[in-house]
Every structure is written in structure tokens, then in C-alpha cells.
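S.K.: Residue numbers (this note's numbering), protein chains in the order written: chain A, 324 to 658; chain B, 32 to 394.
Some hints could be false.
Said to hold, decoys possible - Straight-line distance between alpha carbons at most 27 Å, and here's what the computed DSSO-like set of lysine-lysine pairs gives: (1) A:Lys633 x B:Lys374; (2) A:Lys633 x B:Lys203; (3) B:Lys308 x A:Lys633.
To be verified - Calculated Cβ distances over 12 Å to all of chain B for the following chain A residues: (4) Leu327; (5) Ser353; (6) Gly357; (7) Val363; (8) Ser383; (9) Ser420; (10) His465; (11) Gln551; (12) Ala558; (13) Gly567; (14) Asp570; (15) Asn599; (16) Glu614; (17) Val626; (18) Met640.
Claimed, not checked - Now the in silico label distances, taken between C-beta atoms and shown as ranges: (19) B:Leu118 x A:Met640: 47 to 57 Å; (20) B:Pro150 x A:His338: 38 to 48 Å; (21) B:Phe78 x A:Asn376: 39 to 49 Å; (22) A:Asp571 x B:Glu293: 26 to 36 Å; (23) B:Arg381 x A:Phe451: 29 to 39 Å; (24) B:His305 x A:Thr562: 17 to 27 Å; (25) A:Gln551 x B:Lys308: 21 to 31 Å; (26) A:Glu410 x B:Ala383: 47 to 57 Å; (27) A:Phe451 x B:Leu321: 36 to 46 Å; (28) A:Asn376 x B:Gly199: 50 to 60 Å; (29) A:Asp570 x B:Leu283: 54 to 64 Å; (30) A:Gly381 x B:Ala383: 37 to 47 Å; (31) A:Asp571 x B:Val214: 31 to 41 Å; (32) B:Arg381 x A:Asp571: 53 to 63 Å.
The set of hints was computed from the structure by calculation and includes no laboratory data. Don't be surprised by glycine CBs; every beta carbon is placed ideally from N, CA and C.
These are the residues of each chain, in order.
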Amino acid sequence: MGQLSGPTDPTADAHWEHNHPRKGFFTDTSICIGCKACEVACKEWNHNPQDGNLELLGSSYDNTGSLGASTWRHVAFIEQGQERIVEARESGRALVSLGMPRIGPPAAATPVTDLADADTTPPDTADFRWLMSSDVCKHCTHAGCLDVCPTGALFRTEFGTVVVQDDVCNGCGTCVAGCPFGVIERRSNGTVKVASSREEQHAKHPAVPNEGIAQKCTLCYDRLVDDQTPACAKACPTTSIKFGDHDDMVDTARERVATLHAQGMTEARLYGANENDGVGGTGSVFLLLDEPEVYGLPPDPRVPTADLPKMYRRAGMAVAGMAAAAALAFLGGRA
Amino acid sequence: MTLSEFDSFRPSEHARRRREGGKRGTGRRRDNGDGSREMPMVPEPEFTSYYGRPVVKPAPWGDDVAICLFLGGVAGGSALLGLGGQLTGRPILRRNARLGALTAVSAGAVALVKDLGRPERFLHMLRTFKVTSPMSVGSWILSAFSAGTAVTAVAEIDRMTGSRLPLGPLRKVMYAVEGTAGVEAAVFAGPLAAYTAVLLGDTATPTWNAAHEELPFVFVSSACLASAGLAMVTTPTHETGPARKLAVLGVLGDVAAMKVMERRMDPVAAEPLHQGKAGTMLKWSERLALAGGLGTLLAGRNRMVAAVSGLALLGASALTRFGVFEAGLASARDPRYTIEPQKNRLAARRAAGVTGDAITTAS
Numbered sequence: 324m325g326q327l328s329g330p331t332d333p334t335a336d337a338h339w340e341h342n343h344p345r346k347g348f349f350t351d352t353s354i355c356i357g358c359k360a361c362e363v364a365c366k367e368w369n370h371n372p373q374d375g376n377l378e379l380l381g382s383s384y385d386n387t388g389s390l391g392a393s394t395w396r397h398v399a400f401i402e403q404g405q406e407r408i409v410e411a412r413e414s415g416r417a418l419v420s421l422g423m424p425r426i427g428p429p430a431a432a433t434p435v436t437d438l439a440d441a442d443t444t445p446p447d448t449a450d451f452r453w454l455m456s457s458d459v460c461k462h463c464t465h466a467g468c469l470d471v472c473p474t475g476a477l478f479r480t481e482f483g484t485v486v487v488q489d490d491v492c493n494g495c496g497t498c499v500a501g502c503p504f505g506v507i508e509r510r511s512n513g514t515v516k517v518a519s520s521r522e523e524q525h526a527k528h529p530a531v532p533n534e535g536i537a538q539k540c541t542l543c544y545d546r547l548v549d550d551q552t553p554a555c556a557k558a559c560p561t562t563s564i565k566f567g568d569h570d571d572m573v574d575t576a577r578e579r580v581a582t583l584h585a586q587g588m589t590e591a592r593l594y595g596a597n598e599n600d601g602v603g604g605t606g607s608v609f610l611l612l613d614e615p616e617v618y619g620l621p622p623d624p625r626v627p628t629a630d631l632p633k634m635y636r637r638a639g640m641a642v643a644g645m646a647a648a649a650a651l652a653f654l655g656g657r658a
Numbered sequence: 032m033t034l035s036e037f038d039s040f041r042p043s044e045h046a047r048r049r050r051e052g053g054k055r056g057t058g059r060r061r062d063n064g065d066g067s068r069e070m071p072m073v074p075e076p077e078f079t080s081y082y083g084r085p086v087v088k089p090a091p092w093g094d095d096v097a098i099c100l101f102l103g104g105v106a107g108g109s110a111l112l113g114l115g116g117q118l119t120g121r122p123i124l125r126r127n128a129r130l131g132a133l134t135a136v137s138a139g140a141v142a143l144v145k146d147l148g149r150p151e152r153f154l155h156m157l158r159t160f161k162v163t164s165p166m167s168v169g170s171w172i173l174s175a176f177s178a179g180t181a182v183t184a185v186a187e188i189d190r191m192t193g194s195r196l197p198l199g200p201l202r203k204v205m206y207a208v209e210g211t212a213g214v215e216a217a218v219f220a221g222p223l224a225a226y227t228a229v230l231l232g233d234t235a236t237p238t239w240n241a242a243h244e245e246l247p248f249v250f251v252s253s254a255c256l257a258s259a260g261l262a263m264v265t266t267p268t269h270e271t272g273p274a275r276k277l278a279v280l281g282v283l284g285d286v287a288a289m290k291v292m293e294r295r296m297d298p299v300a301a302e303p304l305h306q307g308k309a310g311t312m313l314k315w316s317e318r319l320a321l322a323g324g325l326g327t328l329l330a331g332r333n334r335m336v337a338a339v340s341g342l343a344l345l346g347a348s349a350l351t352r353f354g355v356f357e358a359g360l361a362s363a364r365d366p367r368y369t370i371e372p373q374k375n376r377l378a379a380r381r382a383a384g385v386t387g388d389a390i391t392t393a394s
């Protein structure tokens with residue numbers, strides 16, 4: 324058992340004896356165009372079945388809904404008016420003035436030499452904006468799902484990511500409740516292909532792989548062991564999804580947020596880059612343009628296992644109390 | 032205020048028409064009537080979420096798991112009563128408590144297995160021991176408890192049937208270890224009743240997690256009163272004196288722990304305990320517990336009153352478990368219970384000058 328909270332190297336914590344660097348994503352939502360290529364590439368590569376009944380959800384262009392057992396990338400769409408943009412800019416500015424501890428001086432925006440005289444400022448519309456963000460498993464330093472898994476089906480890979488072993492998981496569902504981000508889910512049903520005709524609709528659906536067990540993003544473990552980029556990052560046309568060594572990703576994220584701040588976009592902020600947060604930092608770092616809850620992310624997640632020693636102590640006290648009550652019942656006043 | 036520098040060149044727009052079918056009287060006009068400004072169409076929400084969708088996912092557990100929480104408590108308490116009966120020479124109490132413990136723990140285990148996504152893989156629970164996983168620890172507690180309980184209960188059945196069980200040479204061994212097995216089961220009785228509280232507390236489900244400090248006390252108290260209730264139903268009153276005392280202690284502990292828990296929890300995360308189905312169940316649980324406790328205290332020596340009080344106590348315990356279980360699932364389904372407490376605690380930490388531990392950073 325390694326550390327339950329605080330900054331640590333999860334791979335070393337899991338007793339891997341090698342020096343693979345920790346891998347991770349940096350999802351820069353400021354350049355996401357909401358094309359959902361990542362969702363499609365993920366489904367294709369991982370053979371994930373269809374999720375739900377192809378409903379229109381009435382939430383902008385998002386008909387995927389949320390991350391789940393068969394949806395390992397989810398592109399969120401948020402439409403915002405002027406008021407909300409001003410608020411986001413203010414809340415971002417408030418973060419800056421909090422004087423967060425930073426590593427080194429703020430990185431200056433690096434000028435692009437060959438486009439030196441071109442105006443690369445992103446068009447800043449003051450009255451309306453569309454936020455698009457590709458959400459994914461956070462591959463936490465202290466993963467709630469991994470900690471509470473009773474079978475050992477969830478494990479920490481040599482790349483510092485968290486993966487489910489399909490043949491071990493017995494679908495107890497503890498991990499689903501253990502994830503502070505609502506990522507992992509038990510696959511209940513789904514279809515692998517869409518019925519194209521009426522007859523086919525009534526015919527038996529093809530078998531769903533891994534039904535009844537917990538499923539989530541593996542950071543394309545099967546591709547990583549072959550030195551390949553995960554499918555979503557490979558497919559992303561705008562490099563909004565970046566993949567690489569976790570430390571490089573965090574550095575890239577810090578540079579990017581400094582650049583945006585320098586351009587006056589104080590609404591830009593990082594999510595998951597702080598190793599002192601409730602989950603010890605995440606493997607997937609995000610650059611957001613508003614408060615995390617706007618994107619459906621928890622504002623202050625804390626891995627429940629961080630409090631487990633205290634819970635065991637309290638349970639121990641309760642057990643002692645129960646034994647004392649029973650002893651008192653049998654011995655007390657036996658006149 | 033203009034939105035862009037070209038706004039002054041725009042022709043004035045027509046006033047926005049009211050939505051058809053909308054409520055006529057409430058459509059307050061917030062614009063100047065010239066339609067030049069966007070009307071806020073939705074009232075400002077108290078908190079922001081992503082289209083009202085949940086942030087955390089509720090555990091995919093059905094009522095089976097709530098039943099399991101209840102039966103685990105009944106089994107644990109019964110094993111303690113069984114050991115008490117064994118040590119103080121109360122043969123009927125001992126027999127009934129042991130049989131009750133085995134029935135409850137077996138039914139609980141079946142309910143637990145039934146709720147797995149892959150029930151045929153239930154033995155995978157025992158392929159490892161993980162102290163960070165309350166489910167793993169619980170599975171081992173359940174196994175250890177079942178071993179001792181099974182020996183004692185089979186010994187009782189053998190005695191009741193006049194040694195007709197086809198045990199062969201094992202009969203001697205069984206009677207030799209019967210007393211030890213009773214003690215062993217009782218050692219794991221408390222943990223069996225309490226681990227479920229840690230199982231619920233160690234989740235990101237807002238109401239369960241917020242209750243993690245007091246929930247073990249609620250659950251063991253509930254286990255005491257439920258198992259004592261069962262003994263009062265099954266056993267004649269001249270042997271249930273200790274069970275009645277345990278019932279009263281359990282009721283006191285249950286009501287007190289529940290009150291302390293509700294007061295010390297985050298007020299927002301505590302709301303689901305008072306609302307909807309969960310709220311109703313917990314209200315009735317308290318009433319039944321008090322009624323059963325009073326009945327036990329005032330007229331517990333009357334066989335009829337004892338049996339009715341026992342049933343009330345069993346009902347109270349079941350409702351406590353179902354209520355807490357449902358409240359947690361409800362809290363996970365509504366993003367408010369995830370977002371508001373987290374925002375509040377983050378703001379409180381920032382107000383106290385702690386700024387280095389937020390997941391959202393400016394650099």
C-alpha cells in the first residue's frame with residue numbers, strides 16, 4: 324500500500340521497478356472545435372458499443388451526454404452569453420490574484436518566428452461564446468476507483484495510468500461510487516451496431532463485449548505498450564488533445580495558460596495540474612475557460628480513500644462500542 | 032452599453048415575441064422595449080452545472096445491497112447474542128441467535144452476489160486482500176464470520192434433529208470446536224456490522240461520504256437493536272433479558288448517532304436524508320425504533336409485547352439501512368449535492384488563507 328493522498332509518483336508507489344515516465348493528456352479546450360473526432364476514434368479503437376438509444380438530448384451539440392462505460396471521451400458543449408463571459412473572466416482573475424504557488428517565473432509567450440507579423444490573437448467575441456471540451460478519465464495520482472476495487476481488477480500501469488482488467492472484474496460496482504469525477508461505470512447494455520432495417524431491429528443484437536463489468540478509458544494501454552499515441556490524441560485535428568510525458572504536459576499547460584493570460588483571457592485556468600489537490604494531481608490535465616462545474620467537472624474533488632484511516636478508526640470505535648453494549652447487556656445487573 | 036463598436040450602426044430590432052403557450056402574467060419585460068438587448072430567458076440558477084447532469088455516478092446497486100446492509104447487521108448482532116447465550120447458559124437464546132445469524136449472513140451473501148455484474152465471478156473477491164478497499168476487507172470479514180457461524184448453527188441443527196445430520200466422523204470435531212467457533216464468529220460480528228458503513232463512507236457519493244465519521248455508530252447501533260429484536264421475536268422472555276437491554280442500548284445509540292451525524296454533516300449533503308423516499312423511511316425508522324424501545328422497556332416481559340416490539344425494531348433497522356442507502360443514491364443523481372458542498376469547502380479554505388490545494392489553478 325502506498326500513499327493515500329498528497330503528491331507522489333504513482334508508478335513508484337505501485338512498486339514498478341523501471342523508469343517509464345508517467346504518461347498523460349493535456350486537453351486544451353481553448354482550441355477545441357467540438358468535432359468529436361476523439362469520441363469516434365476512441366469508440367473505433369476500443370470496440371466500444373453504442374451508448375443509449377441515439378437520443379437528441381437538447382443540450383447544444385452534445386448528444387453523447389456524459390462519460391460512461393462505453394463512452395471514454397465526451398465532448399461538452401456550453402453556450403454562454405456576455406454576462407457569463409464577464410463572470411468567467413472575473414473568476415479567472417480572482418484565481419490569478421490568489422497568488423497560487425508557481426514553479427519558476429511565469430513563462431513568457433514564445434513568439435513564433437516565421438509568423439512574427441501575423442496577428443495570432445484568437446478572435447475574442449465579447450457577446451457570445453461556445454465552450455467545447457473533450458472530457459476523459461483523469462488517471463488520478465490517487466485514484467478512488469483503483470483504491471476501492473476489491474478484486475484487484477483495476478491496476479496502475481507502468482505508465483502511471485489506471486486500467487481495468489476485463490477478465491478479473493466481477494462487476495461489484497464499488498469503483499463507480501468511488502470515482503470523484505463520475506468517470507468509471509458498469510457496462511449494463513448497449514449495442515455494437517445500429518439496426519439499419521426494421522427486420523434487423525427485431526433481430527437479436529450482437530453480443531456486447533464485457534457486459535456487467537466496470538469500464539473506462541485505458542489511455543489506450545494497448546497502444547502505449549507499442550509506443551503509439553492514444554487514438555483520441557492521434558485523431559484530434561487541432562491538437563487540442565495533446566499526449567506525452569505527464570511532466571511535459573503540465574509544463575505545456577502552464578505555458579499555454581500564461582500565453583492566454585498575456586492576451587487578456589484571464590478566464591483561462593488549469594484543472595488538475597496541482598499535485599497538492601484532493602487527488603494528488605491528475606494524469607489528464609485540462610485548460611478550461613470557466614469554472615469546472617460549468618463543464619460538469621467537480622470544483623473540489625477529493626479521493627474518498629484519503630480519509631480511510633480515519634474511517635477505519637471510527638469503525639473500530641463503533642465495534643468496541645457494540646461489544647461493550649453486548650457485554651453490558653449480559654453482565655450488567657445480573658442480580 | 033454596446034456589445035461591439037458596430038452596434039450603433041444596427042437597425043433597431045423588433046421586440047421579442049413572447050413564447051407561445053408561455054405563462055402570460057409572468058413575462059416581465061427586462062429590456063427597454065426596443066429589443067436591442069438580449070433578454071435573460073432563464074432565471075439565474077443558484078449553482079452552475081452541466082445541463083443539470085450528475086457529476087458523480089451513483090453506485091449501480093439495487094435494493095439487494097440495502098438488504099445486505101440490514102442482514103449483515105442482524106447476523107453480527109445475533110452472533111454476539113449467541114456467544115452471550117453460550118457463555119451465560121441460555122440454551123434457547125443461543126440456539127435461536129445462532130440459527131438467525133447463519134440465516135441472515137447466508138441471505139445477505141446471496142443478495143450481495145446477486146447484485147454483482149458478473150455473479151459467477153464472486154470468488155474473485157477473495158483473490159486478493161486490499162486494505163484500501165472496504166469491499167475487499169468486508170468480503171474477508173464476511174467469510175471469516177460465516178465459517179464460525181456455520182459451525183455453531185450446524186451444531187444446533189444437529190442437536191435439534193437428534194444427531195441425524197449425515198456428518199460421520201466430523202460430528203465429534205464439530206462439537207469439539209463449537210465453543211471456539213462461537214467466539215470466532217463473535218470476534219468478526221462487530222466488524223461485519225460496521226464495515227458496511229466504511230463501504231458507504233469511502234465513496235464519492237456526497238451524502239455517504241459526508242456521513243463517514245458517524246455512520247459506523249449508526250450502523251452498529253442499528254445492528255444491536257435489530258438482532259435483539261429478532262431474539263425477542265423468536266425466544267421466550269425468560270431468556271431474552273440481555274436482548275432487551277441490548278435493544279434499549281441500540282435504540283439509544285441509533286437515535287443519538289443519527290442526530291449527531293445529521294448535525295455534523297455538511298448541511299447541503301445532509302438534505303437527502305430528509306427528503307423524498309429516504310426522508311420518509313428515516314422518519315419512520317426513528318418512530319419504530321422509539322416505539323420498539325419503549326415497548327421493550329415498559330412491557331418487555333410480556334411475550335406478545337416483546338414479539339411486537341421485536342418486529343418494530345427489525346423494521347426500524349431495515350428502514351435505517353434503506354433510508355441511508357437511498358439518500359446516498361439520490362445525492363449522487365443531483366449535481367447540486369456534489370457541487371455546492373465542494374464549492375463551499377473550497378471557499379472556506381480560501382477564506383482561511385489556504386490557497387495551494389485547489390484543483391483549479393491560474394498557473
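S.K.: For every hint, state whether the structure bears it out.
M.R.: Tested hints:
1. A:Lys633 x B:Lys374: 23 Å, holds
2. A:Lys633 x B:Lys203: Roughly 44 Å between the alpha carbons, so the hint for A:Lys633 and B:Lys203 is violated.
3. B:Lys308 x A:Lys633: Between B:Lys308 and A:Lys633 the Cα gap is close to 30 Å, so the pair fails against 27 Å, i.e. violated.
4. Leu327: Non-interface label fails for A:Leu327: nearest chain B Cβ at 7 Å, not farther than 12 Å.
5. Ser353: Answer for A:Ser353: holds, closest chain B Cβ roughly 14 Å.
6. Gly357: A:Gly357 is indeed farther than 12 Å from all Cβ atoms of chain B, at 14 Å.
7. Val363: 21 Å, holds
8. Ser383: The claim is violated: A:Ser383 sits with its nearest Cβ about 8 Å from chain B, within 12 Å.
9. Ser420: Answer for A:Ser420: violated, closest chain B Cβ roughly 8 Å.
10. His465: The assertion about A:His465 is violated, with a minimum of 10 Å to chain B.
11. Gln551: 29 Å, holds
12. Ala558: 23 Å, holds
13. Gly567: Consistent with the label, A:Gly567 stays out of reach of chain B, its closest Cβ about 19 Å off (over 12 Å).
14. Asp570: Check passes; 15 Å lies beyond 12 Å.
15. Asn599: 5 Å, violated
16. Glu614: 6 Å, violated
17. Val626: Incorrect as stated: the minimum Cβ-Cβ distance to chain B is 8 Å, not above 12 Å.
18. Met640: Given that some Cβ of chain B is not farther than 12 Å from that of A:Met640, nearest at about 7 Å, it is violated.
19. B:Leu118 x A:Met640: 47 to 57 Å: Distance hint for B:Leu118, A:Met640 is violated at roughly 24 Å.
20. B:Pro150 x A:His338: 38 to 48 Å: At 32 Å between Cβs, range violated.
21. B:Phe78 x A:Asn376: 39 to 49 Å: 30 Å, violated
22. A:Asp571 x B:Glu293: 26 to 36 Å: 48 Å, violated
23. B:Arg381 x A:Phe451: 29 to 39 Å: 30 Å, holds
24. B:His305 x A:Thr562: 17 to 27 Å: 49 Å, violated
25. A:Gln551 x B:Lys308: 21 to 31 Å: 49 Å, violated
26. A:Glu410 x B:Ala383: 47 to 57 Å: Taking Cβ atoms as reference, A:Glu410 and B:Ala383 lie about 24 Å apart, which means the hint is violated.
27. A:Phe451 x B:Leu321: 36 to 46 Å: 58 Å, violated
28. A:Asn376 x B:Gly199: 50 to 60 Å: 59 Å, holds
29. A:Asp570 x B:Leu283: 54 to 64 Å: 56 Å, holds
30. A:Gly381 x B:Ala383: 37 to 47 Å: With Cβ atoms ~41 Å apart, the hint holds.
31. A:Asp571 x B:Val214: 31 to 41 Å: 59 Å, violated
32. B:Arg381 x A:Asp571: 53 to 63 Å: Given about 30 Å between the Cβ atoms, the range is violated.
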